[in-house]
Amino acid sequence: MYVRDLIHIFLAFLRVGLLGYGGGPSSIPLVHREVVEKYRWMDDDEFSDVLALGNTLPGPITTKMAGYIGYRVKGITGCVVGVLAMALPTVFLMIGLLGLLLSYKDSPRVHGMTAAVRPVVGVMLGVLAYGFFKKAWKDSGMFSTISIAAVSLLLIGLGVHPAVVMGVILIVAVIKGLFERDSGQKGERT
Amino acid sequence: MIYWDLFVAFFIPGIIGYGGGPAYIPLIQNEVVNHYQWMSLQQFGDVLALANALPGPITTKLSGFVGYQMAGWPGAFVALFANTAPSLFAMVFFLGLLKRYQHSPAVRNMSRMVRPVVGVLLAIITFQFFDSSIQDIGILQTAVLTVASLFLMERLRLHPAWVILGSLVYGLLLNW
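Protein sequences, first through last, are from chains X and F. Residues 1 to 190 (the numbering used here) are what the first sequence spells out, left to right. Residues 1 to 176 (the numbering used here) are what the second sequence spells out, left to right.
There could be a bad hint or two in this list.
Below, simulated DSSO-like cross-link-like pairs (lysine-lysine); rule was C-alpha separation at most 30 angstroms, straight line [stated by the list, open to error]:
#, chain 1, residue 1, chain 2, residue 2
1, X, Lys135, X, Lys176
2, X, Lys135, X, Lys38
3, X, Lys135, X, Lys74
4, X, Lys176, F, Lys99
5, F, Lys99, X, Lys138
6, X, Lys38, X, Lys74
7, F, Lys99, X, Lys135
8, F, Lys99, X, Lys134
9, X, Lys38, F, Lys99
10, F, Lys99, X, Lys74
According to the in silico footprint, chain X covers these stretches of chain F (three or more CB under 8 angstroms from chain X) [as the list claims (entries may be wrong)]:
#, region
11, 3-9
12, 31-41
From the structure, some residues in chain X lie toward chain F, with a derived Cβ separation under 10 angstroms [what the hints assert, rightly or not]:
#, residue
13, Val36
14, Arg40
15, Asp49
16, Thr77
17, Val151
FYI, nobody ran anything at the bench for these hints, they're computed from the structure. Every residue gets a Cβ at the ideal spot worked out from N, C-alpha and C, and that includes glycine.
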């Protein structure tokens, strides 16, 4: 079981690392697919928490997710396996293909490849975003979902850094939660 | 000592690099080109172009590669570690705290209220991807690829791996 879990962590993040075209955020739907849909290590709620906190803390998002999820499933070993599975293969590729790729980097074919994959990533991200809105709508209602979404969109549009917006929302939520506890908890259940 | 220098060079961007890859590249450039002068700006640009043509997160590709160039595999591991470990520790610590108090109303509120923000962030990135795609390959190609991948992934439930590989091949043939 132990080794099998580690192999699963390895395979999951190997796939994420090799398929994630277009930088960190493009890997998020792939991580979601492996972690929530395929291996069911966490549910959507926990995934959303991990993503939110990952966005609030500095540093690259994909490695934070790989490392944390690996850790959550199989401790420190899982953490190391997750990060290495995601990072090493492409480092190998870079070292191995340096000469070859440098002569092709301006080729329209290579450019066409990275361009054509973008709408695919866009679709994956869009589907995931829709899922989050749907879930929020179902759990917290229309008003809360729309107002939080509108406020954060506005702030980000005004140039406030997303990490700051995320941090502020987290703090407001905690304060609101503390007040709810003081007023004897509303009969809300999840 | 080179290992220590590598550690510092990638530790700093890991700590202050907010907002993923793009925000991060100038920070790494500052350490690698301006501060330690391991590479010229031209070389760094080449490495960046190469890294962009390959899959996976840009920061690990850069740190692993620069670390390897400077000090072989140990260097690659030091740079990767410096780059990922600090924020990972923070992540484990904070999420552990969240899990411990997951039944408190404060934490329940947090999980709930943050969800629309995550949605907005994802929606913004979605928009950026489509926007840059339209500018790059035009609205028609973008629409074709979007409809095709939506159909294949959501309707036929094809694994994204095949759709991504398919689009790479399509892009290759597009400019043949």
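Verification of the supplied hints:
Between the alpha carbons of lysine 135 of chain X and lysine 176 of chain X the distance comes to roughly 21 angstroms, so the proposed pair stays at or under 30 angstroms and holds. The suggested pairing of lysine 135 of chain X with lysine 38 of chain X holds, with an alpha-carbon distance near 19 angstroms, which does not exceed 30 angstroms. Distance hint between lysine 135 of chain X and lysine 74 of chain X is fulfilled; the C-alpha atoms sit about 28 angstroms from each other, no more than 30 angstroms. Distance check on the hinted pair: lysine 176 of chain X and lysine 99 of chain F sit about 19 angstroms apart at the alpha-carbon level, within 30 angstroms; holds.
With a CA separation close to 23 angstroms, the supplied pair lysine 99 of chain F and lysine 138 of chain X stays within the 30 angstroms bound. Our distance criterion of 30 angstroms between C-alpha atoms is met by lysine 38 of chain X and lysine 74 of chain X, whose separation comes to about 17 angstroms. Distance check on the hinted pair: lysine 99 of chain F and lysine 135 of chain X sit about 20 angstroms apart at the alpha-carbon level, within 30 angstroms; holds. Distance check on the hinted pair: lysine 99 of chain F and lysine 134 of chain X sit about 24 angstroms apart at the alpha-carbon level, within 30 angstroms; holds.
Distance restraint check for lysine 38 of chain X and lysine 99 of chain F: the Cα-Cα separation of roughly 22 angstroms lies within the 30 angstroms cut-off, and the hinted pair is therefore satisfied. Distance hint between lysine 99 of chain F and lysine 74 of chain X is fulfilled; the C-alpha atoms sit about 16 angstroms from each other, no more than 30 angstroms. For the region 3-9 of chain F, the stated coverage by chain X is violated: 0 residues have a C-beta nearer than 8 angstroms to a C-beta of that chain, whereas at least 3 were required. Counting residues of the region 31-41 of chain F whose CB falls under 8 angstroms from any CB of chain X gives 0; the rule of at least 3 is not met.
The beta carbon of valine 36 of chain X comes no nearer than 13 angstroms to any beta carbon in chain F, farther than 10 angstroms, and the hint placing it at the interface is violated. Evaluation of the arginine 40 of chain X hint against chain F yields a violated restraint, the C-beta minimum of about 16 angstroms exceeding 10 angstroms. For the restraint placing aspartate 49 of chain X at the interface with chain F, the shortest Cβ-Cβ distance is roughly 5 angstroms, inside the 10 angstroms limit, so the hint holds. Nearest Cβ of chain F to the Cβ of threonine 77 of chain X: about 14 angstroms, over the 10 angstroms cut. The hint is violated.
Proximity of valine 151 of chain X to chain F holds as hinted, the smallest CB-CB distance being about 9 angstroms (cut-off 10 angstroms).
Going down the numbered hints, you'll see the structure goes against 11, 12, 13, 14, 16, while the others check out.
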